[in-house]
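Undergrad: Sequence:
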Amino acid sequence: MTGTESDNPATGDLLDVYLPTYDVVLTEHLTVEADVSATYRAAHDLDFLRVRTPLLTAAFFVRGLPARLARRPAPTLPELRMFADPSSAGLPGWLVLGQVPDREIAFGAVGKFWQPDIEWRDVPREEFAAFDDPGWGKIGCHFLVRPNGANRSVLSYECRTSTTDPRSHKQMMRYWWLIRPFVGHIMRATVRTIAADARRGT
0 MTGTESDNPA TGDLLDVYLP TYDVVLTEHL TVEADVSATY RAAHDLDFLR
50 VRTPLLTAAF FVRGLPARLA RRPAPTLPEL RMFADPSSAG LPGWLVLGQV
100 PDREIAFGAV GKFWQPDIEW RDVPREEFAA FDDPGWGKIG CHFLVRPNGA
150 NRSVLSYECR TSTTDPRSHK QMMRYWWLIR PFVGHIMRAT VRTIAADARR
200 GT
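Following numbering that gives the first Met the number 0, the numbering of the sequence shown begins with 0 at its first residue and continues without gaps.
Since the hints were made in silico from the structure, they are not lab data.
Among these hints, one or two may not hold up.
[As the list claims (entries may be wrong)] Estimated spans, in silico, between C-beta atoms of each pair:
1) D116 <-> N150: 43 to 51 Å
2) D44 <-> Y21: 25 to 33 Å
3) R191 <-> S36: 18 to 26 Å
4) W119 <-> E32: 32 to 40 Å
5) P146 <-> R173: 20 to 28 Å
All C-beta atoms, glycine included, are put in the ideal place defined by N, C-alpha and C.
Could you build the full structure based on these sequences and the hints that come with them?
TA: Rendered as structure tokens:
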């Protein structure tokens with residue numbers, strides 16, 4: 000996984016630069032009782048392994064069954080700080096697309112998400128937007144922080160997916176129909192974790 004500091008694009012957000020067109024999108028918004036800097040810092044320093052609910056724990060166990068049944072050992076990570084410490088992540092396919100301090104962090108991945116055992120593909124950041132090899136899907140996400148009065152902010156978490164050919168699109172849409180509620184659950188749990196961290200850090 001790689002990261003980069005990036006200037007704000009002339010128009011729109013980083014996510015609109017790297018994945019402007021997409022098949023499906025989910026967005027979660029949450030008002031945070033902390034200022035923009037504290038909320039951005041909490042998002043930037045987030046350890047994704049701390050985003051946990053009983054449903055998530057059960058779902059991750061089920062999601063890892065194919066690898067366990069095939070006796071392929073799954074890596075155990077002490078933490079997963081995708082932005083603050085990219086070297087701690089070690090996630091194939093995922094990369095940080097850009098960061099605008101106190102505003103936005105964009106990240107994404109290339110893979111075949113609809114497969115029981117996901118196949119990932121490492122793509123350089125500068126090739127992500129134009130990547131269109133048949134048979135693959137792209138995920139583009141961002142955390143966006145905006146002011147909302149004195150010592151308050153609004154945190155948005157948006158995830159988009161696109162596919163590179165009709166067959167992959169059909170497979171992805173079938174898969175999306177099944178997992179959409181779970182993806183929303185993960186995103187809500189994530190923004191709540193960031194908000195709690197921001198309040199403690201204010």
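Undergrad: The structure should be examined with respect to each hint, and the outcome stated for every one.
TA: Results of checking the hints against the structure:
1. Separated by about 46 Å at the C-beta atoms, D116 and N150 satisfy the suggested range of 43 to 51 Å.
2. For D44 and Y21, the hinted distance range of 25 to 33 Å is satisfied, since their beta carbons lie about 28 Å from each other.
3. Our hint of 18 to 26 Å for R191 and S36 holds, since their Cβ atoms are close to 19 Å apart.
4. For W119 and E32, the hinted distance range of 32 to 40 Å is satisfied, since their beta carbons lie about 37 Å from each other.
5. One distance hint, 20 to 28 Å for the beta-carbon pair P146 and R173, is violated here, with the actual separation near 40 Å.
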